[in-house]
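Participant: Note that the protein sequences, when read in sequence, are chains D and Z.
If you're matching positions, the first sequence starts at 1 in our numbering and goes up one per residue.
If you're matching positions, the second sequence starts at 105 in our numbering and goes up one per residue.
There's no promise every hint is true.
[Stated by the list, open to error] Rough simulated footprint, nothing fancy, chain D against chain Z, three-plus residues with beta-carbon under 8 Å:
1) 127-137
2) 148-156
3) 165-176
4) 199-206
5) 231-241
6) 256-264
It is worth saying that the hints were derived from the structure and are not from the lab.
Every residue, glycine too, gets a C-beta built ideally from N, C-alpha and C.
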Amino acid sequence: MALHVGLNHFLIISAILFSLGIYGVITRKNAIMVLMGIELILNSANINFIAFTRFGLMNLSGQVIAIFVIILAAAEAAILLAIVLNIYQQLNTVNVDEVDKLKN
Amino acid sequence: MNLYDFIFYAFAALTIISAVGVVFSRSIVYAAFALLFTFFGVAAIYVLLAADFIAITQILLYVGGILVLIVFGVMLTSRAYSVEVKRGALQVIPAVIVAGVIAGTLIGILNTTPWPASHFVPYEETARPIGALLMTQFVLPFELASVLLLVALIGAVIIARREKGERA
C-alpha cells in the first residue's frame with residue numbers, strides 16, 4: 001500500500017470506524033453507548049461520501065447526502081435520548097438487556 | 105511524504121485511537137469525551153477532503169448538538185461519576201468475530217478494487233453550490249428533512265415529558 005495518501009486511505013479509515021461502531025453496538029449494554037456506536041457508523045458512511053466526491057467519482061451531491069445524514073443523525077439522537085429518559089424513569093435502568101417488559 | 109500526508113496520518117490516528125476509546129472504555133463519561141475527539145478528527149478529515157461546509161456543519165451539529173445531548177443523557181440516567189459501566193461480557197467473542205470479518209472484508213475489497221479515477225479534483229468552494237443544489241435538485245428531500253426535524257422535535261418533547269403515573 002502506497003504511503004502517499006489517496007482515495008484508499010480515506011476508505012480504510014472509514015472501514016475501521018465502521019467496524020468499531022459495529023463492535024460497540026453489539027457489545028455495549030448501556031443504550032447511550034449503543035447510540036455512540038451508531039454515531040461512529042454514520043460518520044464512517046459520511047467519510048465515504050465525501051472522499052468519493054473529492055476524488056471525482058461522485059459530483060457534489062455526495063456532500064449534500066452527507067448533510068442529510070447529519071440531519072437524520074441529529075433527529076435520531078434526540079428521539080433516542082427521549083426514549084432512554086422515559087425508560088429510565090419507568091424501569092430505573094438503561095441497560096438494553098434488562099428492558100424486557102414486553103417479553104412476559 | 106509531504107505535509108498533507110503527515111497531517112492526514114496525524115488526524116487519522118487521532119480519529120481511530122479515540123474511536124477505540126469510545127468502544128472499549130469502561131466509563132461512560134470517558135467514552136463521551138473520546139467521542140468528542142473522534143468527531144473533531146472526522147471534521148479534520150473533511151477539511152483535508154476540501155469539504156469546508158460539511159466540516160463546519162460537523163463541528164456545529166455533532167460536537168455542539170449531538171454530543172451535548174449524549175452528555176445530558178449520561179448525566180440524567182446514571183450517577184455519572186460513580187457508575188461503572190457494565191461491559192456486555194456475553195457477546196464479546198461474536199462481536200470480535202463479526203467486526204473483524206467486516207473490517208477484513210471491507211479492507212480487502214478496497215485494496216483490490218481498481219478505482220477508475222484516483223486523483224484530486226481541483227478545489228473549489230462548496231457552500232454556494234451546495235445551497236444551489238439544495239434549492240433545485242434536492243428540494244424535496246430538503247423539505248422532507250425539515251418536516252422530519254419538526255416531527256422529531258415535537259416527538260422528543262412529548263416522549264420525554266411523560267412522567268411516571270401520569271396520563272399521557
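Participant: Run every hint past the structure and note whether it holds.
Facilitator: For each hint, the structure was consulted:
1. 127-137: The restraint on the segment 127-137 of chain Z holds, since 4 of its residues have a Cβ under 8 Å from chain D and three suffice.
2. 148-156: Three-residue rule met by the segment 148-156 of chain Z, so holds; n is 5.
3. 165-176: holds (count 7)
4. 199-206: holds (count 6)
5. 231-241: holds (count 5)
6. 256-264: With 7 residues in contact (Cβ-Cβ under 8 Å with chain D), the coverage given for the segment 256-264 of chain Z holds.
In this structure, every one of the numbered hints holds.
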